[in-house]
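K.L.:
Keeping their order, the protein sequence lines are chains Y and F.
Residue numbering for the first sequence follows the numbering used here, starting at 25 and increasing by one per position.
Residue numbering for the second sequence follows the numbering used here, starting at 689 and increasing by one per position.
Heads up, a few of these hints could be off.
To be verified - List time: in silico DSBU-like cross-link candidates among lysine-lysine, alpha-carbon distance up to 30 Å:
id, chain 1, residue 1, chain 2, residue 2
1, Y, Lys602, F, Lys808
2, Y, Lys363, Y, Lys387
3, Y, Lys553, Y, Lys414
4, Y, Lys500, Y, Lys542
5, Y, Lys489, Y, Lys387
6, F, Lys770, Y, Lys602
7, Y, Lys500, F, Lys770
8, F, Lys786, Y, Lys153
9, Y, Lys55, Y, Lys237
10, F, Lys774, F, Lys716
11, F, Lys774, F, Lys794
12, Y, Lys153, F, Lys794
13, Y, Lys500, Y, Lys514
14, Y, Lys602, Y, Lys562
15, F, Lys716, Y, Lys514
16, F, Lys709, Y, Lys602
17, F, Lys811, Y, Lys500
18, F, Lys786, F, Lys811
19, Y, Lys363, Y, Lys562
20, Y, Lys562, Y, Lys55
21, Y, Lys602, F, Lys850
22, F, Lys808, F, Lys774
23, Y, Lys542, Y, Lys514
24, Y, Lys104, Y, Lys247
Keep in mind the hints are simulated off the structure, nothing from the lab.
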Amino acid sequence: MDTVKLTINGIEVEAPAGSTIIQAANLAGIKIPSLCYLKDLNEIGACRICMVEVKGAKGLVASCVYPVNEGMEVWTNTQKVRDARKMTLELLLSNHRMECLTCRRSGTCELQDLAHDFGIDKVRFQTEKMEPQIEDSALHLVRDNSKCVLCRRCVAACAAQGVGVIGCNERGFQTEIGSPFGRGLVETACISCGQCIVNCPTGALTERDDTGKVWEALADETKHVVIATAPSVRAGLGECFGMPIGTNVEGKMVAAMRRMGFDGVFDVDTAADFTIIEEGTELLERIKNGGVLPLITSCSPGWIRYAEQYYPDFLPNISSCKSPQGMFGGLMKTYYAEKMGIDPKDMVVVSVMPCTAKKYEIKRPDMQGAPGYQDIDISITTRELGEMIKRSGLNFTALPDEAFDPIFGIASGAADIFGASGGVMEAALRTVSAILAGEENAPLEFHEVRGLESVKEATYELPGKTVRVAVVSGTKNAGALLDAVRAGEKEYDFIEVMCCPGGCINGGGQPYVPAEIKNFVDYRSLRAKALYDEDAGKELRKSHHNPIVQEVYAEYLGEWGGEKAHHILHTTYQAQPKYRL
Amino acid sequence: MPNTKTVVPYSGTPEQEAQLKAVIAEYKDVPGGTMPVMQQAQEIFGYLPEEVQIMIAEGMGIPLEEVYGISTFYSLYNLNPKGQYKITVCLGTACYVKGYQAILDKIVARLGCPVGSISKDGKYSVDATRCVGACGLAPVMMVNDDVYGRMTPDQVDDVLAKYK
């Protein structure tokens, strides 16, 4: 690789040619503060916080977009630089609704951190008093433009998903983030992925707060309240309590939820094992009976919403399986309710998800395993669970490690890895290959489908069938792959699609990772590793070996992919308009 | 806001839509082609309603929001058609100083349509415009090509009465 030599603050740095000053500075251990900059996503030099002095340059330059040159001399911490950054911050704050104490992002806000770091103790410039500007038409999100700094990180994240339903409208002081023709998000083809939320530096974008409903349910003595967590939650929740990225906090998380007073503390991973049974059966049936191929996974509601609005011609390809969340809720209100002798009307089923689209998914039609009862009553994000634990006065890091309630708390390693891109594919391949080739001949790990690349392909020779698979994450990448399939350029039998780039570990409901870390640390791999490590450390690594799965099919559901299973564990899709005139 | 959504139903013809398709085909692969397409679309339809912006977005393979963002950034683009009587009030420096705001407020109140939009019957559109070069007559309003100078709010009704 070509490199160039430069000095930053007098320190000699060798950086790859073509890199920017902020990247080179990071190599030298020098932090340059920034706000709008997101590596590979939003490199527009708009906020002017990352300004630095370059010898010979006319004025200060934006280090996030300014490329390094041989012999360049950079100063990142002169009085001139500090003054310029402070002035920029003061101007940003001049029309910001500064109500930090009552803001949900207090403590995780990047603007608040910058204001603190730069010692802004009063705001010299004040325009008219800002009033809240709330847009909350969608089920998953609340936007308040009075806290927006127009960094355009959300716009870039939305465009990178191939969605692009938000952007900058009007100009000058009137500029604001919004959707075409002033429409609410619910009237656009938004897919609810929440990538805008996790990339927002301030309190302008947050998920709809559903924690109040959970507290209310917990306080209601007539209700049997159960909670369950998705695979990725355990790999992210620790970050809410200052633990290192990639810490698996399953045990403490279970202990916390139990102490909060839930009547059942369960694992959505267990439902993920059911997903593999049903989806694997569906794949084998489609292969055997010449059904529609490629089969495409259905675990990610953001992806489902993307397909319904942008690629409706592929709906017959999508597995009719509900997501693990849906399967969990369906089984709770049928199998579990019967076993425990509880009327489903007296149950409140709460799911904790790394995902904001799940808030939308629970309200979808055909998500009622027990007719008349929504499978999941309340869906909260990893962040919301973190907030609830803090509010409960629990010292999270000091909690003991406890296990999920066994009635619905045993899961295979295959289910654990659902949270990482390629995990569902690998889990399905473990079971499908065991069925086709026999347990002894079936491999346990499928490394070809692991990792963060946006598209991964592999071919597996199984008795009687060559299975061509693809794994894709990020809906824009999924769209490009489907374009290739439609054009006949690519042929597959089975495709895993995850809506968020890298899979659920990077979901829109996961803890905020500040840009200064996100830009330089591979946080997605660290979170994924927590899941792969959990899988590797288990005896039980195939979904069909899960004793709960075996018991529920034997006692209650009957055949794999049978009529009762279809009734409780499957759903339907409907093409949706991209524009709502 | 100058770009509030139009109240007049879309009435584009198949001929106009075919014309737009031809323009899109010409610019589809040209870098930066969206703005000239929007400009020509406005010439074809007179303005850029949601229906036309969707055609542009789909044709150019870009999100609707990108088209809409451009259309609200540049004052060149109109989201509303112009009325049979196109009323403009000058907000150049002289008219500004001489109290154009009171004139404009009166017109908006009389016609019930905000600045930058059109009345429900499609008869009147109201715009604030840059200097029309009649500073000696400030404040100035125009109806189509007729100029009315040294306006006072009281005279607004008399002027409007001429255009029924």
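K.L.:
Confirm or reject each hint.
P.N.:
These are the hints, each one checked on the structure:
1. Taken as a hint, the Lys602(Y) and Lys808(F) pair is honoured in the structure, with Cα atoms around 28 Å apart against an allowance of 30 Å.
2. Distance hint between Lys363(Y) and Lys387(Y) is fulfilled; the C-alpha atoms sit about 26 Å from each other, no more than 30 Å.
3. Of the supplied pair hints, the one linking Lys553(Y) and Lys414(Y) holds, its CA atoms being roughly 26 Å apart against a limit of 30 Å.
4. Of the pairs offered as hints, the one joining Lys500(Y) and Lys542(Y) holds, with about 21 Å between alpha carbons and a cut-off of 30 Å not exceeded.
5. Of the pairs offered as hints, the one joining Lys489(Y) and Lys387(Y) is violated, with about 39 Å between alpha carbons and a cut-off of 30 Å exceeded.
6. A threshold of 30 Å between alpha carbons decides the hint, and for Lys770(F) with Lys602(Y) the separation of about 29 Å falls inside it, so the pair holds.
7. A distance of roughly 39 Å separates the Cα atoms of Lys500(Y) and Lys770(F); the hinted pair therefore is violated under the 30 Å criterion.
8. With a C-alpha separation of about 29 Å, the suggested pairing of Lys786(F) with Lys153(Y) holds against the 30 Å cut-off.
9. Using a Cα cut-off of 30 Å, the hinted pair Lys55(Y) and Lys237(Y) is violated, with the two alpha carbons roughly 42 Å apart.
10. Between Lys774(F) and Lys716(F) the CA atoms are separated by roughly 34 Å; this puts the pair beyond 30 Å, and the hint is violated.
11. Only pairs whose Cα atoms come within 30 Å are accepted, and Lys774(F) paired with Lys794(F) is accepted, the gap being roughly 16 Å.
12. A threshold of 30 Å between alpha carbons decides the hint, and for Lys153(Y) with Lys794(F) the separation of about 28 Å falls inside it, so the pair holds.
13. Annotation: proposed proximity of Lys500(Y) to Lys514(Y) holds, straight-line Cα distance about 17 Å (limit 30 Å).
14. Distance check on the hinted pair: Lys602(Y) and Lys562(Y) sit about 44 Å apart at the alpha-carbon level, beyond 30 Å; violated.
15. Taking the CA atoms of Lys716(F) and Lys514(Y), the gap is about 26 Å. The hint holds against a cut of 30 Å.
16. Restraint check for Lys709(F) and Lys602(Y): satisfied, since their Cα atoms lie roughly 20 Å apart, inside the 30 Å limit.
17. Between Lys811(F) and Lys500(Y) the alpha-carbon distance is near 45 Å, which puts this suggested pair outside the 30 Å criterion.
18. Using a Cα cut-off of 30 Å, the hinted pair Lys786(F) and Lys811(F) holds, with the two alpha carbons roughly 28 Å apart.
19. Between Lys363(Y) and Lys562(Y) the alpha-carbon distance is near 28 Å, which keeps this suggested pair within the 30 Å criterion.
20. For the hint linking Lys562(Y) to Lys55(Y), the alpha-carbon distance of about 40 Å lies beyond 30 Å, and the restraint is violated.
21. Note on Lys602(Y) and Lys850(F): the hinted pairing is violated, with a Cα-Cα distance of about 46 Å set against a maximum of 30 Å.
22. The suggested pairing of Lys808(F) with Lys774(F) holds, with an alpha-carbon distance near 14 Å, which does not exceed 30 Å.
23. About 33 Å separates the Cα atoms of Lys542(Y) and Lys514(Y), which puts this hinted pair outside 30 Å; it is violated.
24. Distance hint between Lys104(Y) and Lys247(Y) is unfulfilled; the C-alpha atoms sit about 62 Å from each other, more than 30 Å.
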